[in-house]
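Novice: Please take these sequences and the hints and turn them into a complete structure.
The chain contents come next:
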Amino acid sequence: MAKTPVIKISNLSKKFMLGDIEVQALESVSLEIYSGEFICFFGPSGCGKSTLMSMIAGLQPPSTGSIMIRGEDLAKMSTNQLAEHRRTKIGMVFQAFNLIQTMNVLENIALPLTFARISKMRRMKRAENLLEIVGMGKYKDRTPNQLSGGQQQRIAIARSLVANPWIILADEPTGNLDSKSANDVMKLLISLNRKSKRTVILITHNPEYIQYADRIFWMQDGKMIKVEANSHVHTAYAGDKTSKHKKGEESQEDEVPDAAEVKEDNFSVEEANK
Amino acid sequence: MKMIDVLRIALGNLRRNKLRTTLTVAGVVVGIATIVFLVTLGFGLQKLVVSNTTNLEALKVVTITKSKDENKLLNDALIDNLKKNPEVDLATPILSYSGTVKEKEGIAPVINGVEPKNFAVYDLKTNLNKKFSSDNAGEIMINKNVVTALNETEDQIIGKDFTFDITGLDPTNTAKTISVKLKVIDIIKDDSKGKFGYTPIANLKELNHHFFNIKVKVKQKEKLQEVKKEIESQGFETSVVASQVDAINLAFGVINGVLGAFGMIALFVAAIGIFNTMTISLLERTHEIGIMKAIGGRDKDCSRIFTAEAAIIGFMGGFFGVFSGWGGGKAIELLINFLANKAGGSAPGHLFYTPPTFAIGVVLFAFFVSTFAGIWPARRASKLNPLEALRYE
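Protein chains in written order, with full-length UniProt numbering: chain A, 1 to 274; chain B, 1 to 393.
Quick caveat, the hints were computed from the structure, so don't treat them as lab data. From the three backbone atoms N, C-alpha and C, an ideal C-beta is built for every residue, glycine too. It cannot be assumed that every hint is accurate.
[Unchecked claim] Capping the alpha-carbon separation at 30 angstroms, the derived lysine-lysine pairs in DSS-like fashion look like this:
| no. | chain 1 | residue 1 | chain 2 | residue 2 |
| --- | --- | --- | --- | --- |
| 1 | B | Lys300 | A | Lys15 |
| 2 | B | Lys193 | A | Lys8 |
| 3 | A | Lys140 | B | Lys300 |
| 4 | B | Lys18 | A | Lys120 |
| 5 | B | Lys383 | A | Lys76 |
| 6 | A | Lys76 | B | Lys300 |
| 7 | B | Lys300 | A | Lys120 |
| 8 | B | Lys215 | B | Lys117 |
| 9 | A | Lys125 | B | Lys2 |
| 10 | A | Lys140 | B | Lys104 |
| 11 | A | Lys140 | B | Lys18 |
| 12 | B | Lys18 | A | Lys138 |
| 13 | B | Lys193 | A | Lys76 |
| 14 | A | Lys120 | B | Lys383 |
| 15 | B | Lys104 | B | Lys229 |
| 16 | A | Lys125 | B | Lys300 |
[To be verified] Here chain B is said to cover these stretches of chain A; the calculated rule only asks that three of the stretch's residues, wherever they fall, bring their Cβ under 8 angstroms from a Cβ of chain B:
| no. | stretch |
| --- | --- |
| 17 | 29 to 42 |
| 18 | 51 to 60 |
| 19 | 97 to 109 |
| 20 | 115 to 126 |
[As the list claims (entries may be wrong)] Residues from chain A that face chain B, not an exhaustive set, calculated with beta carbons under 10 angstroms:
| no. | residue |
| --- | --- |
| 21 | Ile90 |
| 22 | Gly91 |
| 23 | Pro112 |
| 24 | Ser160 |
| 25 | Val162 |
| 26 | Ala163 |
| 27 | Trp166 |
| 28 | Arg194 |
| 29 | Lys195 |
Specialist: The following block contains the structure:
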């Protein structure tokens, strides 16, 4: 395991007001996450794991403490720099998919590149490439509401990968999915981590998934209560529950290809100057 | 985000809400069409009045009435000098002396000697639209009062010869009376009480003292004041029709302003419509804005999409509004001319006039007004907290 911390969080606290009541969402959280790790933030709902994730994404500022992404302090960034941070270094996958309903699948995947001023031809090519990788090649002209939940989540994963980010933040990505689709999505996330060495942070309250993680951060009431390393992690995936479902009644569903195809294609988001 | 992508997304959003977009654009169309219809009517009437008051050619003419300096005369040398100015199209003299008609008592018409080739400069309407047959033709055109004084009718007098005794000053500045026989070839239409006639200046050459006045026509209307000043600087007094026209233009400027203000009210209502549409759109798309921000859209990318939508609505409204206003004017014009012809009256012709710069200006105006109406919703879009927007359903 490489020893460069991609994410270094020190003494992070977050308070906010819900009406007149002050809520302590996070309390003195410190952690380091290294390049290529598969991390699981595990805990019951309301434990502060989503707050932590949105702060890593720069969607809200810390009350105290700091978040360093490869040595850069998020608190010192302007709103435009934070937008760039989300666009180039972070890929987000949400429980609710959060695809834009009015755009088709390819436009959705390419949207971060649209913000990055990448030409239409280049970004569409990149989006089609990723669409193949998540096994949705034939759906490129559909809009999100013409797809099943699992299919939408695969589109969302393709979108999170489009700018070739360092870190994938997945907030309950399987929360709205049936078990077959959930396994497809998990398989995709795992292979992204294993085969293309991306740092993946999975936020979940489902204990089934902690077996896939290199390290598990247990959270409760806004505090990090335990960090656990998984020794058998590389073999855990061998169980491959997804194979059971493949012969089932949903066999017409698209095969999720092995994300080994997500090779580092040296795609970088060099933003065109204005 | 590139401008072209902002436009693509904005157009996509407008296209998806076809009915709402159409209605909002229709609001702008009504406002702009009202402005265009009213103001072009003003412009049209202005043009009609100005051209009825004076031939448009007369706007290019400056008349040298007299010299302020006794040594400077209104003579051929001055005319040659004037013709050297590259802005001057022509300079033509007139001699005016009073005359009597032989064997007719008590008639003393003013006889004007003019250059036949430049006769058009006086912009006189005649019954038969005749021209002098040559530079020294023994012909005369008289006005109706002379016809009456000669106990003739306008039809019968054409072709008859009369002998005129004309008294004036010869080149040596002494009084002299000459007798010339002139054939009446046309009747000048006018409403004046005076009696006068126009004849080729060659018939008065023996009375060739200095000219009564000189009309100078410039090539471009815009250069009139320049030429006028130059002539005045040489020590001559001048007069132009243009000053009258300026007064008419000023009056119409005020009328157009008032008409335009009525149209502005309609456009103001349309701007409120745009504001309303954009605000509703903002509420509907709050979640979408949250997504955009979460995946790396900058605040200004979000606001630009909204601004672009408002601007597109304004541009389309302006464009179709100008066409509707123009088309409405044309339809009314055709109808009025048709009715006038049917009633046997004279058709008024063009009642509406749309200068191209005005049309372009109005489109730009609509564009800016609606962009302005979109500023507030666009700012709200950029200020939305991404997390709250993401939670918004």
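Novice: Each of the hints needs a verdict: does it hold here or not?
Specialist: Each hint tested on the structure:
| no. | hint | verdict |
| --- | --- | --- |
| 1 | B:Lys300 to A:Lys15 | holds (28 angstroms) |
| 2 | B:Lys193 to A:Lys8 | violated (104 angstroms) |
| 3 | A:Lys140 to B:Lys300 | holds (28 angstroms) |
| 4 | B:Lys18 to A:Lys120 | holds (25 angstroms) |
| 5 | B:Lys383 to A:Lys76 | holds (19 angstroms) |
| 6 | A:Lys76 to B:Lys300 | holds (20 angstroms) |
| 7 | B:Lys300 to A:Lys120 | holds (20 angstroms) |
| 8 | B:Lys215 to B:Lys117 | holds (13 angstroms) |
| 9 | A:Lys125 to B:Lys2 | holds (18 angstroms) |
| 10 | A:Lys140 to B:Lys104 | violated (103 angstroms) |
| 11 | A:Lys140 to B:Lys18 | holds (24 angstroms) |
| 12 | B:Lys18 to A:Lys138 | holds (29 angstroms) |
| 13 | B:Lys193 to A:Lys76 | violated (91 angstroms) |
| 14 | A:Lys120 to B:Lys383 | holds (27 angstroms) |
| 15 | B:Lys104 to B:Lys229 | violated (45 angstroms) |
| 16 | A:Lys125 to B:Lys300 | holds (26 angstroms) |
| 17 | 29 to 42 | violated (count 0) |
| 18 | 51 to 60 | holds (count 4) |
| 19 | 97 to 109 | holds (count 6) |
| 20 | 115 to 126 | holds (count 4) |
| 21 | Ile90 | holds (8 angstroms) |
| 22 | Gly91 | holds (8 angstroms) |
| 23 | Pro112 | holds (5 angstroms) |
| 24 | Ser160 | holds (8 angstroms) |
| 25 | Val162 | holds (9 angstroms) |
| 26 | Ala163 | holds (7 angstroms) |
| 27 | Trp166 | violated (14 angstroms) |
| 28 | Arg194 | violated (24 angstroms) |
| 29 | Lys195 | violated (23 angstroms) |
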